[in-house]
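Undergrad: Kindly produce the complete structure, drawing on both the sequences and the hints.
Number of protein chains: 2
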Amino acid sequence: MLNLKHVAINSFNENLAYVHRDCTAYRVDDITTLTKVEIHGGVKPVYAFLQVVEDTALVKPDELGLNTEAFKQINLPEGANISMTLAPQAQSLLSVKRKIAGNILNAGEYDAIVNDIASKRYSNMDIASFLVASGSFMTTSEVLALTEAMIGEDVIRWDNEEIVVDHHCFGGVPGNKTDIIITAIVAAYGLPMPKTAARSLTSCAGVADTFSVLAGVDMDEDKLKKLVKENRGAIVDYNSLPIASANKIIAGVERHLGLTQLQHLAASILAIKLAAGVTHLVIDIPAGPSARVKTTTEAMRLRKLIEYIGDMLSLGVDVHITDGREPIGNGIGAVLEARDVMKVLRNKEDAPEDLREKSLYLAGHVLEFDPQLRGGQGYFAAREILNSGRALEAMNKIIYAQGKAPQPQLGNLTRDIVSTQSGVVESINNERINKIGVLAGASQYPGAGLDLLKKVGDKVEQGETLYRIHSVNSTDFAFANSVVDGYTGYEINTKGTF
Amino acid sequence: MLNLKHVAINSFNENLAYVHRDCTAYRVDDITTLTKVEIHGGVKPVYAFLQVVEDTALVKPDELGLNTEAFKQINLPEGANISMTLAPQAQSLLSVKRKIAGNILNAGEYDAIVNDIASKRYSNMDIASFLVASGSFMTTSEVLALTEAMIGEDVIRWDNEEIVVDHHCFGGVPGNKTDIIITAIVAAYGLPMPKTAARSLTSCAGVADTFSVLAGVDMDEDKLKKLVKENRGAIVDYNSLPIASANKIIAGVERHLGLTQLQHLAASILAIKLAAGVTHLVIDIPAGPSARVKTTTEAMRLRKLIEYIGDMLSLGVDVHITDGREPIGNGIGAVLEARDVMKVLRNKEDAPEDLREKSLYLAGHVLEFDPQLRGGQGYFAAREILNSGRALEAMNKIIYAQGKAPQPQLGNLTRDIVSTQSGVVESINNERINKIGVLAGASQYPGAGLDLLKKVGDKVEQGETLYRIHSVNSTDFAFANSVVDGYTGYEINTKGTF
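Protein chains in written order, with my numbering: chain U, 1 to 498; chain Z, 1 to 498.
The hints are simulated quantities; they were obtained by calculation from the structure and are not laboratory data. Among the hints, a few may not be true.
Stated by the list, open to error - Below, a list of computed lysine-lysine pairs in the DSSO-like style, where the Cα atoms sit at most 30 Å apart:
id : chain 1 : residue 1 : chain 2 : residue 2
1  : U       : Lys-435   : U       : Lys-459
2  : U       : Lys-435   : Z       : Lys-223
3  : Z       : Lys-44    : U       : Lys-435
4  : Z       : Lys-60    : U       : Lys-72
5  : Z       : Lys-5     : U       : Lys-5
6  : Z       : Lys-72    : U       : Lys-5
7  : Z       : Lys-97    : U       : Lys-248
8  : U       : Lys-97    : Z       : Lys-294
9  : U       : Lys-72    : Z       : Lys-5
10 : Z       : Lys-348   : Z       : Lys-304
11 : U       : Lys-294   : Z       : Lys-97
12 : U       : Lys-60    : Z       : Lys-72
13 : U       : Lys-294   : U       : Lys-304
14 : Z       : Lys-495   : Z       : Lys-454
15 : U       : Lys-97    : Z       : Lys-435
16 : Z       : Lys-343   : Z       : Lys-397
17 : Z       : Lys-97    : U       : Lys-304
18 : Z       : Lys-294   : Z       : Lys-495
19 : U       : Lys-459   : U       : Lys-343
20 : Z       : Lys-44    : Z       : Lys-223
21 : U       : Lys-5     : Z       : Lys-60
22 : Z       : Lys-454   : Z       : Lys-343
23 : U       : Lys-248   : U       : Lys-348
24 : U       : Lys-97    : Z       : Lys-304
25 : Z       : Lys-435   : U       : Lys-44
26 : Z       : Lys-97    : U       : Lys-97
27 : Z       : Lys-397   : Z       : Lys-223
28 : Z       : Lys-60    : U       : Lys-60
29 : U       : Lys-495   : U       : Lys-343
30 : Z       : Lys-248   : U       : Lys-97
31 : Z       : Lys-72    : Z       : Lys-226
32 : U       : Lys-60    : Z       : Lys-5
33 : U       : Lys-343   : U       : Lys-304
TA: See below:
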């Protein structure tokens, strides 16, 4: 037996256990490689990876230290008597090896893999292997099995609601923050919409990043239910809800690896929505040569996959393939995107028309989940709600209820990227624009990003500004500047034929 | 600027940097995911992953802590002034993503990947992704590029030797410790053989594990050169030599994942031999339904690959496909295998005949690298050296020179696995035998393992012992026992036709 010690180290999602080299209970000398242990004494065993300490100030020979993640999980006071055994290899890792070898796994295997990930029996290396191996090919049934497994045990129930709606976008198009506008319109209409959002994985800003410029996005299940009851809408970072825990761990590894695989993304989105108790979901798949989904063929395949999974798991899905050939709106990065969103909601004259129209189109389809609404009337209902100011009113209520945020400053290190030619903007490369925005600091600082002053089809004179880079610190600013000169992401047609 | 602190934590191959939540030099609040940093102040920047600490006893707000691995690498005293920046993403990770997407990488890309791994710019997750992605398919040119990259900068030179020989086995057949016998024969003959060996990755015992039962296996380059000069042979754990550093890091991840992919293994073996300055190499590929290489077709493909890489990198290779249908020798696990090896060298009557014959066959081919020796005479020369006792004499000199080890005890928790039928042993499943041995503790304790009393073709009576399990602790013993009853790994032919 050893005495529990909290070693106050935050390791970002991996449980670590610290034992002294001269541990009184275990022979540590034999341990020369990464070793998984099982710690007993709490309600359930806690899995952790062993680190060997040679300083009694950290842990004494009769102590077992746990990092913050593991200490929270074991939920015992310091000094509690605990013991440790070598963790037997998780059986489901054999399925991961089968997947690496190119096999098709069954639903039971996906269930076991996802459960073992949720209970932290996998190292980040194991998770990375699973993601790369399953990412290389999965059958439709496998994606269904993965989705079902990732829903998990904890599902939010909306006992007093007939239908619960949501909207989600597959991403890959910078600036595309229709979700916030849609939530305001749908809430004003009166359908319950608990919009589950996430922080950015590989983009300049996720919906949760952008909305957190306006209001708090972390809340527990009770608060979410209360807010949706009172305001009909809320925008929540799903990480703050006790759902889809395996997905959160997997997302951490995906973020680190910079991996986004479409089938995984589909499973992840659908699992989160089902765990959030959503019954009807509009999905936006932007397709374009520099978007995440490159072709309409690929988008159509993805649509069929989502429709199949939706049907099998009793989720009403309405999938829309949209124009993903250039960024949506002008701002890229949380503060600038929030500015665009509020311009649309306030019916400002300089509100980005593409963001407004796309939001109305998708909101209209969400509204049509209401059996009371006549088919084809969704768009007009949405437009009326936006134009009348009722959407803005709903948004203000939501912001107030979630706690108005102290709006962060826009980064004041700026540079205007000017056109070297006169002509018409022929194309804007999403991936390049996203990369420059990320380098400018957008994925880390809400105030960083790009402000696009020209969009596809706009006339531009030589020396006129195409877009403006905003950074909040000089390192990021230098990074972005060092890259942008190679290729701005804009193509200018100088021939006048478009 | 922060003050360097050594946080005496051993994390098994990953560099970790510890900063306090209230760090005076960096805003740590923004950090919510695994983050790679670059630490400046030493001769070269050191890469590490950030962990956030909330206890000033571990690190103070004006300190930057490094774990033992990173502290060794930065090579500065505690208190030294150091600074930290976010590490830009290693460019070569883009190549890893290209490999994940199914592309063929060029030699420059493999070089960059391997260099970045060696300088610890990759997380273990990144390495796992690379291994799984490249493991799914590589062209012959890619394996060549990977091999060449993994040789690294530090190559051992044998200035006074015309040829330097070695032998290596692809593994997958328990008990197969010909290497030690071959080294003794070759050394007695007089060819220089610095046998580079490794600890077990997924097996009961690697050559380094087994030989460390007899003598020390860790030495630096100078000592290795001195020993080979004096005794013509040495058996060294390559981890103790300053060569092939990327390979060591990769092997750590492979061990954790339990992955062994044949093309990776070929690249790894050949890179280590080339870095060790070997000029001529015999390779043993055991093939059999339960070996690592399942078919002779697969073995032949591997042979051609190795011959191609050998030719391109000026390494003389002589590849032999051998019978891998059952374990070689009787003992499995370091102590039992060392016993078999010494029985063969001592020409004991009960020495395992298969181990003896296979060692002579392969040693003969190593000897034939000597231009002085007439073709076809290698086997007879090897046999004469073994029978005359000169191999034993050479072995004793090598053991003495490397430092005789205090021989560990054979595990005294034993169980005899008996045959439930009378008949003839028809087959022994290598994978099953290896698994039972590993569960019995063989990969962790030299004294654990299996002693095979019957081999394929042996007659067996009902109730007679097939093999004996040895464990050194009761947990392992229970594990092995819980599994062995399901399937012993032996098939008995009761019909008398074989």
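Undergrad: Could you run down the list of hints and mark each one as holding or not?
TA: Each hint, compared with the structure:
no.	hint	result
1	Lys-435/U with Lys-459/U	holds, 25 Å
2	Lys-435/U with Lys-223/Z	violated, 51 Å
3	Lys-44/Z with Lys-435/U	holds, 28 Å
4	Lys-60/Z with Lys-72/U	holds, 23 Å
5	Lys-5/Z with Lys-5/U	holds, 21 Å
6	Lys-72/Z with Lys-5/U	holds, 27 Å
7	Lys-97/Z with Lys-248/U	holds, 22 Å
8	Lys-97/U with Lys-294/Z	holds, 17 Å
9	Lys-72/U with Lys-5/Z	holds, 27 Å
10	Lys-348/Z with Lys-304/Z	violated, 38 Å
11	Lys-294/U with Lys-97/Z	holds, 17 Å
12	Lys-60/U with Lys-72/Z	holds, 23 Å
13	Lys-294/U with Lys-304/U	holds, 16 Å
14	Lys-495/Z with Lys-454/Z	holds, 18 Å
15	Lys-97/U with Lys-435/Z	holds, 16 Å
16	Lys-343/Z with Lys-397/Z	holds, 17 Å
17	Lys-97/Z with Lys-304/U	holds, 26 Å
18	Lys-294/Z with Lys-495/Z	holds, 27 Å
19	Lys-459/U with Lys-343/U	holds, 23 Å
20	Lys-44/Z with Lys-223/Z	holds, 28 Å
21	Lys-5/U with Lys-60/Z	holds, 19 Å
22	Lys-454/Z with Lys-343/Z	holds, 17 Å
23	Lys-248/U with Lys-348/U	violated, 38 Å
24	Lys-97/U with Lys-304/Z	holds, 26 Å
25	Lys-435/Z with Lys-44/U	holds, 28 Å
26	Lys-97/Z with Lys-97/U	holds, 20 Å
27	Lys-397/Z with Lys-223/Z	holds, 15 Å
28	Lys-60/Z with Lys-60/U	holds, 20 Å
29	Lys-495/U with Lys-343/U	violated, 34 Å
30	Lys-248/Z with Lys-97/U	holds, 22 Å
31	Lys-72/Z with Lys-226/Z	holds, 27 Å
32	Lys-60/U with Lys-5/Z	holds, 19 Å
33	Lys-343/U with Lys-304/U	violated, 35 Å
The structure fails to meet hints 2, 10, 23, 29 and 33 from the earlier list, while all remaining hints are met.
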